[in-house]
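Going down the list, the sequences are from chains A and B. Going left to right, the first sequence walks through residues 0 to 344 as numbering that gives the first Met the number 0 numbers them. Going left to right, the second sequence walks through residues 0 to 517 as numbering that gives the first Met the number 0 numbers them.
Hints are computed from structural coordinates only; laboratory data are not their basis. Ideal placement from N, C-alpha and C gives every residue a C-beta, glycine not left out. Take these hints with a grain of salt, some might be off.
Said to hold, decoys possible - Examples of chain B residues toward chain A, derived with CB under 8 Å: (1) Glu141; (2) Gly143; (3) Val167; (4) Phe240; (5) Lys242; (6) Gly328; (7) Arg332; (8) Ile335; (9) Tyr471.
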Amino acid sequence: MDEARPTGWKRALLGIHTVAAVLPLLCLATILLRSASVGFAADRSLYPRIENEAENLAPYLLQTWRQPRGKILAVCGLGDATPTADSQSVRLLHMLADQGVVLRVLSQHTNLDSLLPLGTQFPADLNSAAIGAQALLIYDEDERYASLDFRSLASKMDGHLVFDLTGQADGLAADAAGLQLLAYGAPLGPPWLDPDLLAYAAHLRERIPAEDGILLVMAVRPGTISGRARWFLHLNNLIFPRRLYLQDSFGASGTSVQFRQWVLDMGARGGDFPGKGQQRWEPSPREFSGVTQVGPVRTLNEEERAAIAEHDVQWVSFFSMNADFRVQDWETMTVEQALAGPQQP
Amino acid sequence: MIAFLASLFVVLSLLAIGGALLPPSSTIPRSRWESFALAFLVGSAAVVTLGTAVLAVGLPFLVVAISLMAFGVFAILQTLRRGVALAMTAEAAAEARTGYATPIAALVFALGLGSVLASFALPINEFDPLLHFAYKGKILSEVGTPFDEALTGLVDENGELRRFGRIVTHPNYPLGIPILEALVAVLGRGWHERWIQLPLAFWAMCLPAAVFFGLRPIGRRAARAGALVAAATPILYQRNFTKNGWADFGNAGLGNELTLGAGADLPVAALLTAACALLLHGRRQEVPRLQLLGGLCLAGAVMMKNEGLALFGCFVLAVVLSGAVLPIGKGRRAAIGSLSALAVGFGAILPWLRLRSKLPAIDENYTEHFTVERIKHFLGGGAELVERSPKALVGQADDLLANPPARMDDLPGYFTGEFLDWRSWGLLWFLLLVALPWRPRELRDTDRRWLAMLAVGGVCLYFLILLVTPWYLPLLREKGIPERLLLHLIGPICILIGWRLGGPLAEDSGTFEAEPRS
Chain A
0 MDEARPTGWK
10 RALLGIHTVA
20 AVLPLLCLAT
30 ILLRSASVGF
40 AADRSLYPRI
50 ENEAENLAPY
60 LLQTWRQPRG
70 KILAVCGLGD
80 ATPTADSQSV
90 RLLHMLADQG
100 VVLRVLSQHT
110 NLDSLLPLGT
120 QFPADLNSAA
130 IGAQALLIYD
140 EDERYASLDF
150 RSLASKMDGH
160 LVFDLTGQAD
170 GLAADAAGLQ
180 LLAYGAPLGP
190 PWLDPDLLAY
200 AAHLRERIPA
210 EDGILLVMAV
220 RPGTISGRAR
230 WFLHLNNLIF
240 PRRLYLQDSF
250 GASGTSVQFR
260 QWVLDMGARG
270 GDFPGKGQQR
280 WEPSPREFSG
290 VTQVGPVRTL
300 NEEERAAIAE
310 HDVQWVSFFS
320 MNADFRVQDW
330 ETMTVEQALA
340 GPQQP
Chain B
0 MIAFLASLFV
10 VLSLLAIGGA
20 LLPPSSTIPR
30 SRWESFALAF
40 LVGSAAVVTL
50 GTAVLAVGLP
60 FLVVAISLMA
70 FGVFAILQTL
80 RRGVALAMTA
90 EAAAEARTGY
100 ATPIAALVFA
110 LGLGSVLASF
120 ALPINEFDPL
130 LHFAYKGKIL
140 SEVGTPFDEA
150 LTGLVDENGE
160 LRRFGRIVTH
170 PNYPLGIPIL
180 EALVAVLGRG
190 WHERWIQLPL
200 AFWAMCLPAA
210 VFFGLRPIGR
220 RAARAGALVA
230 AATPILYQRN
240 FTKNGWADFG
250 NAGLGNELTL
260 GAGADLPVAA
270 LLTAACALLL
280 HGRRQEVPRL
290 QLLGGLCLAG
300 AVMMKNEGLA
310 LFGCFVLAVV
320 LSGAVLPIGK
330 GRRAAIGSLS
340 ALAVGFGAIL
350 PWLRLRSKLP
360 AIDENYTEHF
370 TVERIKHFLG
380 GGAELVERSP
390 KALVGQADDL
400 LANPPARMDD
410 LPGYFTGEFL
420 DWRSWGLLWF
430 LLLVALPWRP
440 RELRDTDRRW
450 LAMLAVGGVC
460 LYFLILLVTP
470 WYLPLLREKG
480 IPERLLLHLI
490 GPICILIGWR
500 LGGPLAEDSG
510 TFEAEPRS
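Could you put the whole structure together from the sequences, leaning on the hints where they help?
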C-alpha cells in the first residue's frame, strides 16, 4: 500500500472539513444533556413555548362569547415582570375591556390603576374573583396558579371557560370539573406528547378489548386544516391493535396536501352533519369528559350504520376536529348506544 | 428490562450473522471497527431481505423471529468459537490497524459513540418514525403479516378506495425498519419505544467504517481520509444545526432535523455505503464473496425506504454503463463477481416487489410521473403546481394561482443552496467536485467511473424526481427535501473524496492503476 504523504492542499481541505465535526459534537452533547435533564423521557417541557401577541390572542378569546359585553373575566396574574403599558398582558386586557368585558385582576404587582382599563376590579383573592365569573384567564407563570382547584372554582363561576396562557394548567382536572380549558400558551411539543391525548388513549385501551373495531364519526364539519388536528392518526397508533375506521381514510391518512383536501371535501359534504339531517345529543353522564353540552355525539347516518355492519365494529367514537386535543371533543360508546341515539333508555 | 435484553440480542444476532457471512479478518484484514460495522450492516441487510421474503410468501412474522433466534444463537456461538480459532498473524494485525492519530481516532470514536447514545436517548419522538415505520412494526409484531387490513385497509379487495377504511400512513413503505423493530417487540414480549430503536442506533457509527473498508485496497491513507470526511459531515447526525443561532441548542434532537433515530434516510445511506464499499473492495482484491455481500447490502437499502429502489436502479446503471461488468481482459473475474452481485441484489428485492404490489400506495408512485414528457414540460418552464399549495387549497393564493412561478425557478436553487450549506455538509460537495475523476487517466479506472456515475447520477436522479413531483415543491423544501435525499449518496461521495485526498501520490504523477489488482 502506498503511504506517501498527500499534498498540502489536500491536507488543508481535509482539515477544514474536519472542523465541521464540531457542530455534530456539540449537537450530540446537547441532545444527551437535555435528554438527561428530563430523565431520558420525551417530555413537552423540552419544547419552546408559543409566544402569542396580544393582538392575536384577543380575537380568539373574544370569539368564544357571542356577546362579550358584560362578561366577567377573572384574571390570574399579569406576568412575572413588572407590567408596563407595553406589556402583553396590559395590552390584552385593554382590548378585552374595549369590547365590554369586565375585568377582575389578581396580581402581586401594585399601582396598577393607571395601567389597566377604567373599571378594573381588584378582588382580594381567587375565590372572590371567581364568584359569578364567566371565565378565568391564567396568565402568571409562577407557582401560585400552577395547580388550581378547578372543582372549587367551577362551583363559584357562572361560566365554564378557562383561558390558559401558561401551558401549565391541568387539562384533565379542568375537564373533570366541567370546565372548558382553552390553551393558548401550551409548549410547542409534538401532538403525540399531548397529555390529554395520552390519557384518553389509555382510557380507551382499558375500556375496549384489543380485537374490537371502532368507527370514528366526525360530529361537525372540520374547522381546521392544521395537520396537528389529525389526532386520529396518533390515536390509531396508540391504541393499536384495536381497529379504527374513518370515512375516506385514504385522504385523511395521506400527505399534508391530501389531508387538507380531505378536510375541504368533508366541509363541502352534504347532509351528514347536525342541522343538515343529523341530530346532536349527549349521553349523561359522559364517558370520560366532565364538560357537558359541548359533546361531539350525533345520530348516525345510513352510510355509517352500514359501515358498522360491514366492518365488524363494536364501538363508535364521535369527535370534533380541533388543533388542540381536548377530551371534551371525544365521546366513545358502544355500537348499540350509538345506534339507539337519543331515544336510548 | 426484557425489552432491553431482547434489543441487545437482536443487535448481537445481526452482528453474528453478518460476521458469519463475511470472510474472516485473517484473510481480509480489517480493524475491529470495520469488522463491527460490516458485520452489522451485512447482518441487517440479510435479516431484512430474508424477513421480507418470508413475509412475502405469506408466512407469519413469528417465523422471522424464530429464525432470527435460531440463526442468531448459532451465529453467536460460531463467532465465539471462530474468534478463538482464527487469531490474526502479527503482520495481518498490523495491516488491520486504521493508523489514525490518537486525536483523530478519539474524534471519530466520540462521534460514533455519541450517535449511538443519542439515537435512543429519547423514545421515538418524530412523526415519520412513529407513524410511517413504528406503526408497521406494531402490525408485524401484533398481527404477524403485512397483508392484514391494518396495512391494506385503505382499499377493498378490488383496489377501490373504501368509503370507511383503516388509518395508515404510506402503506407501501418498505418493511426493513419495521422488521428490526418488531423483532425486538416479539422477542421482548412487548412494544418498547426506546429499546426497539437499539438495532437502529448504529448506522451513523458504521457508515464511516464501511467507507474505510471500501478504500483499503486504494491505501490506508485514502481510507482514513474518506472515513474521516464521512464521520465529520454534520448531516450524518443532524442538519442545519446552529442555523437559528443559540436557539438550536434548545431544540437539538427535537423536530425532523435530526438524522439519527428511527427514521429511514440514514439506514439507506449506510447500506448503500456498505454496498459500494464491499463491491469496491471485492473488485480490487478479487474476492467475489465481498461483492455478493455488496449486492445483499444494496437490496438491504431497498428494504429501508422507497428511494432505495430508485438508488438500486441508479447503482445498476452506474455499474453497467461504467463497464464494470464487462467480463473481458484483466478485469474479467472482478466483472463476473459484480454481475453476480447485481444478480443477488435483484433476487433479494424480488419478494419485496411482489409484496409491495399488493399494498396500496398513497403517493411516491414515481414511475407514473417519471415520463419524458413531464420532464420536458418542467425543464421547459412548466409551472409549479401551486394549486396543491396549502394556501391555494383554502382559497388564499389568488395571486399565486394567477401567476404561478416555473418549477425550474426554484429547484436548482434548492440544490445549490444545499451544496453551499456548510452547517449540514461541511465542505463535502466542494470536495466531491475536486474528487471526481476529471482526468482521462483517472476515468480509465473502472471503479472510479462507476462510483462517480453513482454519485453524480444519484444527484441527477433526485433532481429529476423533484422536477416531476406531483406535490407543491416549496412544501417539500420545508420538510427537508432535497437534503434528506442527498444524504443517501454520502457513501460513494466519501469514497471518491478519500480516493482523491488520500490516494497514492503516484496518481498525481501520472502512473495510475487502470484495472483491479490481482
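Hints versus structure:
no., hint, result
1, Glu141, "holds, 5 Å"
2, Gly143, "violated, 11 Å"
3, Val167, "holds, 6 Å"
4, Phe240, "holds, 5 Å"
5, Lys242, "violated, 10 Å"
6, Gly328, "violated, 24 Å"
7, Arg332, "violated, 21 Å"
8, Ile335, "violated, 26 Å"
9, Tyr471, "holds, 7 Å"
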